[in-house]
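Protein chains: 2
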Amino acid sequence: MKKTKDENKEKQILDAAKSIFQSKGMDGARMQEIADKAGINKAMLHYYYRSKQLLFEAVFKNAFSLLAPQLNAVLNDDASIESKVRNFTSNYISFIAEHPYLPNFIIQELNRNPEFIIKLKDNPNFLNLDKFKVQVEQEVEKGIIKPISAEQLFINIMALNIFPFVAKPLLMAFTNTDNSAYKQLIEDRKTEVADFIINSIKHT
Amino acid sequence: MKKTKDENKEKQILDAAKSIFQSKGMDGARMQEIADKAGINKAMLHYYYRSKQLLFEAVFKNAFSLLAPQLNAVLNDDASIESKVRNFTSNYISFIAEHPYLPNFIIQELNRNPEFIIKLKDNPNFLNLDKFKVQVEQEVEKGIIKPISAEQLFINIMALNIFPFVAKPLLMAFTNTDNSAYKQLIEDRKTEVADFIINSIKHT
DNA sequence: ACATGGTTTAACCAAATGGTTAACAAATTT
DNA sequence: AAATTTGTTAACCATTTGGTTAAACCATGT
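These protein sequence lines map, in sequence, to chains H and L. Residue 1 is where the first sequence starts when you use UniProt numbering, and the numbers rise one by one after that. Residue 1 is where the second sequence starts when you use UniProt numbering, and the numbers rise one by one after that.
Derived by calculation from the structure, the hints in this document are not laboratory data. Take these hints with a grain of salt, some might be off.
Unchecked claim - Pairs of lysine to aspartate or glutamate residues, derived as EDC-like cross-links and limited to a Cα-Cα distance of at most 20 angstroms, are as follows:
| hint | chain 1 | residue 1 | chain 2 | residue 2 |
| --- | --- | --- | --- | --- |
| 1 | L | K119 | H | D78 |
| 2 | L | K24 | H | E57 |
| 3 | H | K37 | H | E82 |
| 4 | H | K24 | L | E82 |
| 5 | H | K119 | L | D178 |
| 6 | L | K202 | H | D195 |
| 7 | H | K146 | L | D27 |
| 8 | L | K9 | L | D36 |
| 9 | H | K133 | H | D178 |
| 10 | L | K9 | L | D27 |
| 11 | H | K61 | H | D130 |
| 12 | H | K190 | H | E57 |
| 13 | H | K146 | L | D188 |
| 14 | L | K24 | H | D188 |
| 15 | H | K24 | L | E137 |
| 16 | H | K9 | H | D27 |
| 17 | H | K52 | L | E57 |
| 18 | L | K146 | H | D188 |
| 19 | L | K24 | L | E82 |
| 20 | H | K133 | L | E57 |
| 21 | H | K42 | H | D77 |
| 22 | H | K133 | L | E98 |
| 23 | L | K133 | H | E137 |
| 24 | H | K133 | H | D77 |
| 25 | L | K168 | H | D195 |
| 26 | H | K131 | H | D78 |
| 27 | H | K52 | H | E115 |
| 28 | H | K183 | L | D27 |
| 29 | L | K131 | L | D188 |
| 30 | H | K202 | L | D195 |
| 31 | L | K146 | H | D195 |
| 32 | H | K84 | H | E7 |
| 33 | H | K24 | H | D77 |
| 34 | L | K202 | L | E187 |
| 35 | L | K146 | L | E57 |
| 36 | L | K183 | H | E115 |
| 37 | H | K37 | H | D78 |
| 38 | L | K121 | H | D178 |
| 39 | L | K168 | L | E137 |
| 40 | L | K202 | L | E137 |
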């Protein structure tokens, strides 16, 4: 029962790789460390995934495909902007709290290798702002929200939600909080951020 | 005239190191590459800065000491919150546009090595939120701005200003912009972000 | 001129690293 | 059950990498 064609082993390797790559990045990760974490021989890594690069890409795509659906929720949904902002903010913060390395990993590796995103954009269900854009324009026209471009609003939503995770060590130092106090700050943001955005854009 | 005690050489090395470290990070940087960029022998790096680690720390501290004064401007200044937000946003975006790798470098390396910030916090003129906190509380009490904690406001300001640089490749892909269009988006944010924040917090 | 002391270089080194190989073990096919 | 394919391992390999060394270089003080 040891040497069965193990659907699991592939996953097992991927999990170990994910953990190492996401905390140390492509350059900082060591194949030996991944092998150790997966509890297998280093040669096995190359047997299942031919090279470090390919293993990395598998991890990266996997990570990205976790993030994408979360973002699509803000965009391709028929609720009002306000309701979408509230839902997204709360959901997203919960989501990241369970995958703390995710945003930083993706951002970091995309900066290291910006051409990488080209491959991702080919994916047919890659994030698309078109619908969101129309909706923002409509609500602006109807006077529900103040004039703002969809792109800027989208960037603001992303920034307010993601940045506190990406810059955690820096912000912990600046706000002089320890881990648990910072966690509370983040928890508060589930409603705080939505209010901040709505306050800013809602017509009075 | 070649072999004089060259105050300059040290700087020359630091500049090369800065450029390599900031674009590739500690793990991705190679001593040889830094030497090449500085136009010197690899052994010289070790002559001036004993090790990669020390050279890196010199670069990091240097980078951080560029950033800090910018942030202090938001905090330890007597202008109103509104005026500070407007000034900071415009200034900071200009500043980063000239040091595009800076925020990402600092954030990335602090995530790689969170203990690193402890050394920085020892510095007596390390960023301190106390004054800002008092000011926010006062303006809230006077009814100038809506109730918000200084920490959350500070995080929001940081997020809205810094994130677009840190996540540039990701946001370029999502907003489907090329380099020059993205540059324009950023340029617009010099006033856009300030308005967004002020709209949100100013009492009507 | 030459001794001195900081500066610079080419050659070298040991450790680490991604990757390969060849042999072995366990399933699967025939 | 023999043959073949698939999974697994230890040992090995070439290259890269941070770092060292010993000798050369050169400006300056004596």
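Structure-based check of all given hints:
1. L:K119 - H:D78: 49 angstroms, violated
2. L:K24 - H:E57: Distance of about 18 angstroms is within 20 angstroms: holds.
3. H:K37 - H:E82: Violated, because 44 angstroms separates the two Cα atoms, which is more than 20 angstroms.
4. H:K24 - L:E82: 40 angstroms, violated
5. H:K119 - L:D178: 16 angstroms, holds
6. L:K202 - H:D195: 13 angstroms, holds
7. H:K146 - L:D27: 46 angstroms, violated
8. L:K9 - L:D36: 13 angstroms, holds
9. H:K133 - H:D178: 39 angstroms, violated
10. L:K9 - L:D27: Not satisfied, since the Cα-Cα distance of roughly 24 angstroms exceeds 20 angstroms.
11. H:K61 - H:D130: Given that 20 angstroms is the threshold and the Cα spacing comes to 24 angstroms, the pair is violated.
12. H:K190 - H:E57: Between K190 of chain H and E57 of chain H the Cα gap is close to 32 angstroms, so the pair fails against 20 angstroms, i.e. violated.
13. H:K146 - L:D188: 17 angstroms, holds
14. L:K24 - H:D188: 35 angstroms, violated
15. H:K24 - L:E137: Status violated; Cα separation ~40 angstroms.
16. H:K9 - H:D27: 24 angstroms, violated
17. H:K52 - L:E57: With Cα atoms ~29 angstroms apart, K52 of chain H and E57 of chain L exceed 20 angstroms; violated.
18. L:K146 - H:D188: 17 angstroms, holds
19. L:K24 - L:E82: 37 angstroms, violated
20. H:K133 - L:E57: 44 angstroms, violated
21. H:K42 - H:D77: 45 angstroms, violated
22. H:K133 - L:E98: 31 angstroms, violated
23. L:K133 - H:E137: 37 angstroms, violated
24. H:K133 - H:D77: 12 angstroms, holds
25. L:K168 - H:D195: With a Cα-Cα distance of about 26 angstroms, the restraint between K168 of chain L and D195 of chain H is violated, given a limit of 20 angstroms.
26. H:K131 - H:D78: The hint holds at about 10 angstroms.
27. H:K52 - H:E115: Given pair K52 of chain H, E115 of chain H holds - Cα atoms ~18 angstroms apart, limit 20 angstroms.
28. H:K183 - L:D27: It is violated: about 29 angstroms lies between the C-alpha atoms, which goes past 20 angstroms.
29. L:K131 - L:D188: 30 angstroms, violated
30. H:K202 - L:D195: Holds: K202 of chain H and D195 of chain L sit about 13 angstroms apart, inside 20 angstroms.
31. L:K146 - H:D195: 11 angstroms, holds
32. H:K84 - H:E7: 39 angstroms, violated
33. H:K24 - H:D77: 36 angstroms, violated
34. L:K202 - L:E187: 24 angstroms, violated
35. L:K146 - L:E57: Given that 20 angstroms is the threshold and the Cα spacing comes to 42 angstroms, the pair is violated.
36. L:K183 - H:E115: 18 angstroms, holds
37. H:K37 - H:D78: Roughly 44 angstroms separates the two Cα atoms, so the pair is violated.
38. L:K121 - H:D178: With Cα atoms ~13 angstroms apart, K121 of chain L and D178 of chain H stay inside 20 angstroms; holds.
39. L:K168 - L:E137: At roughly 34 angstroms apart (the allowed maximum being 20 angstroms), E137 of chain L and K168 of chain L break the hint.
40. L:K202 - L:E137: 13 angstroms, holds
This entry does not satisfy hints 1, 3, 4, 7, 9, 10, 11, 12, 14, 15, 16, 17, 19, 20, 21, 22, 23, 25, 28, 29, 32, 33, 34, 35, 37 and 39, going by the numbered hints stated previously.
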